[in-house]
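**Student:** Residues per chain, in single letters:
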Amino acid sequence: MDGESQFSLSELEARSGVPARTIRFYIARGLLDGPARAGRGAYYTTAHLRRIEWIREQQSQGAMLAEIAVKLRPAPEGQRLAQPEAWLQYSLSEDVRVMVRDGASPWRIRQIRAALSELAGRLSNTDVETRSPDGDRNK
Amino acid sequence: MATETSSVRGFAPVAVETGEELELAMQRLWLTGHVLPVGARLMVHHVFQSKEKKPMEAVYAFGLPRDAALRRFVIRGEGFTAHSELRPTREAVEEYERGIRDGSLSTLAREHGDGIVNLSVGNIRPREKVTVCLEILAGVELHDDSFRLRFPFTLAPCYHPRARLLEIAPGAGEIELPEDEFGDVMLPQFRQDSSNLHAVGFDLRVTSPGGFDGIGSPSHRVRIQVQDAGGVRVLLAAERDIPNRDLVLDVQHCNARPEALAGTGLDGKRHFIAIVPSTSFGEKPKGARRVVFVLDRSGSMQGLPMEQARKAIEACLGALSAEDSFGLVAFGDQTEHFQTRLSPATRENRDAARAFLASLQARGGTELAPAVEEAAGLGGTGSDLFILTDGQVYGTEQILARARAVGVRLHCLGIGSASQDRFLALLARQTGGVSRFVTATERVDMPAVDLFASLGKPVAESIRVTGAHIQPDPPPCVFAGTPLAISGEGADGELRIQWDGGSLDLPVGDCGRRIGEMVRLLRGARMITDLESRQINTGREQSRIAERLKELSKEYGLASREMSLVAVVARAGDQPGEVPKTSVVPVGMAADTPFAGYFAAARRLDADATACMGVSAALFAHPDAPAARLVSESNEEDLLLELAARIEADGGMPGRKEEDRVLATVLAILAFLQESHSLKTGAFRSHVRRLVEFLEARADRDVVRRVIECARSGRIVPGDWVCTQNATWEEIEEALNEIRS
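If you're matching them up, the sequences are chains G and H in order.
All residue numbers for the first sequence refer to the working numbering, where the first residue is 1 and numbers rise by one.
All residue numbers for the second sequence refer to the working numbering, where the first residue is 1001 and numbers rise by one.
Some hints here could point you the wrong way.
Said to hold, decoys possible - Covered, in the sense of this in silico footprint (three residues per stretch, anywhere, with C-beta under 8 Å from a C-beta of chain G), are these stretches of chain H:
no.	stretch
1	1089-1102
2	1174-1188
3	1580-1589
Said to hold, decoys possible - Simulated restraints, written as ranges between beta carbons of each label pair:
no.	chain 1	residue 1	chain 2	residue 2	range
4	H	Ser1359	G	Ser91	19 to 27 Å
5	H	Gln1189	G	Trp54	21 to 29 Å
6	H	Ala1355	G	Ser91	24 to 32 Å
7	G	Ala115	H	Ala1352	29 to 37 Å
8	G	Ser91	H	Glu1659	56 to 64 Å
9	G	Glu11	H	Arg1404	41 to 49 Å
10	G	Val96	H	Ala1355	34 to 42 Å
11	H	Glu1336	G	Leu92	21 to 29 Å
12	G	Leu92	H	Gly1655	47 to 55 Å
13	H	Glu1323	G	Val96	51 to 59 Å
14	H	Glu1658	G	Asp102	53 to 61 Å
15	H	Glu1658	G	Leu92	54 to 62 Å
Derived by calculation from the structure, the hints in this document are not laboratory data.
We put the CB at the ideal spot given by N, CA and C, even for glycine.
Could you put the whole structure together from the sequences, leaning on the hints where they help?
**Tutor:** Below, the structure written as structure tokens:
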């Protein structure tokens, strides 16, 4: 951490926009290292700031703190079995199937269903104007 | 104050599997205080003890009861006692953080949206024990003949479309809310098994100027001790309990009569709260009703609550007459209509509505606001919405704003053992309706029928009060079964209450300074709750509301979202710069709420996974989730509900010929009377009224006239009429003669 800026907790709070209590909670959950020194001389660095920014980025993508904590654990030796995932299959027409990952939030499901309904409607409507893959216009 | 028994003092939770002592941030939560028919002044004793090797910061999250506000706290430990100060929230947070940096014991009680409070206690030293006694003023649910106190011992998980959920370990779930809307509120971890969490209990004093007819609790086993001063002490019967349900206390009055509690507060002014039973305003006038039933069929309602809500609506349909019209809307993630406009309450329409109800499955989130808007559009101006829900939603201020805008009355029946009493009370009050709450161990359908009986035309409208400065404003109307509650200051002698078609004078005595100050604080808590519920993150009005909240907080000495409570205790040996380990106190899932109903569909955390990411599902019911544990046995009330559901649009029971219908209607009245439902009393009073109206036009026989008279007087006719619905005229006459003899 040599050469990096040093901040107090309140400075880190101001720079990151994350309340001090939340920063302490990140430390307690193993998402963030504690200050670089104990006691009165405790300070934080740009590495802490970058980690907080990364945590916020992960959260904005839908990850929860417990999931982020798992991500941060060092990968053990050897090959790991991939995590299973459940997918939902929607048949929109005889020749079109769409896969959607299971477990999305309700607003996302509504969004996906609305899009799929629209697509299914367009696929079933033979009168709509379409373009062939080579760019020719078809009716 | 707190009553620590020796058996409780040494309490230490242990892990069931290993028998080892668990390292809990909070060990004990004990409730004491004084309960009056107009509200309660409660002390909540939180005992924190650190098992950490370094300083600890414990965060306990809880929901405020209805019309509640925090007043102050005192923090005690070995060799010190400190009292809280009320500060603007920003200053309070800064002071708390300064105390944490200095290594001092710091405590902050801060309210967030939805009435969720985070009580943070930082820098508890290793092995140290500290107690935070937090004073809370809380309102009660008022009925004509009783009142109900509800205090949260746990916090139910709720729905929000942008909430993220995760089962982080078997039987342990977490919810995170979007910070742009909810700030840095910390929610607890929700545990399926609450048996090894902190101990809870209570020791309350209940007093009522008019005396009691009975005290009981549908949530906990209680011990009652009558005290010399006319009060009653209500204690948890067991030594301790687990935090998996709210405390619910029911107090029956001796006499339902107008009453005012008044006295001089610490500000030197005279404060009062007056309660006037709805029976003081006369009988409910007749008039066609336009009612839209709004049924919450979200995942958290699955199991018996949904089944009972269905039956309740069916029975309510039976109370509608041919002139009435109704709509039916069910909502989860999306809203479904029975029909796109109001339907006359004909037999055919009610049968079709019953089939619609039977087709509904509990699933998905709780999108309450769009459902209310659609139901209001369906009912139109002047209609009543009757909502059956557990109210388990976050972002209640936004929902309230949308509900206020639709311009119809909302009447709420809340269901659940850790539900949103505060929110549903506000939802009803701010739209001019009434609300009731039932716990999971009580029947849902009977209170639903009871509440429904009071809808339609109010017993009094255009309430005006003179003789004092009234604040907050009185409700615009009074519904049967729910008293008028008014409060204010300066009443000296008598209040005059006027309404369209009547008036009454209510003497206001003096109950002393202690009651006067309690009444003053309860009024402040109510006004703060009302104003907070209008605080949303957008709009020009918000800075005005924030300023007014600050003023109210200062005037009444009560915390709000704008003013928080803070205390910092500097002690010898404080270690500045040390970062305490932050720990959020877990809570148990509400007793009737299946853990899997919330967290089974959420992503599970695999501790071995190296790439476990993705959006977690917001509250979804899982088809495999176990049904809620509720009372389900069939009894007389079930039979009465079935009877009520069969009433025809003209008010009579069905039958092939007129003669058969009259006999069946007489038998139905006898059955309702047998269970104490008459024209004036009981949940089925509106059903009895319709049956009597049907008979009045067909009262050729003396027997019929005598049965009508019994329905009016409430006199029970000997016989098992509930189970015997095929008796003859002769048998009925014989039973009536038994009364005469």
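**Student:** Which numbered hints does this structure break?
**Tutor:** Violated hints: none at all, because every hint is consistent with the structure.
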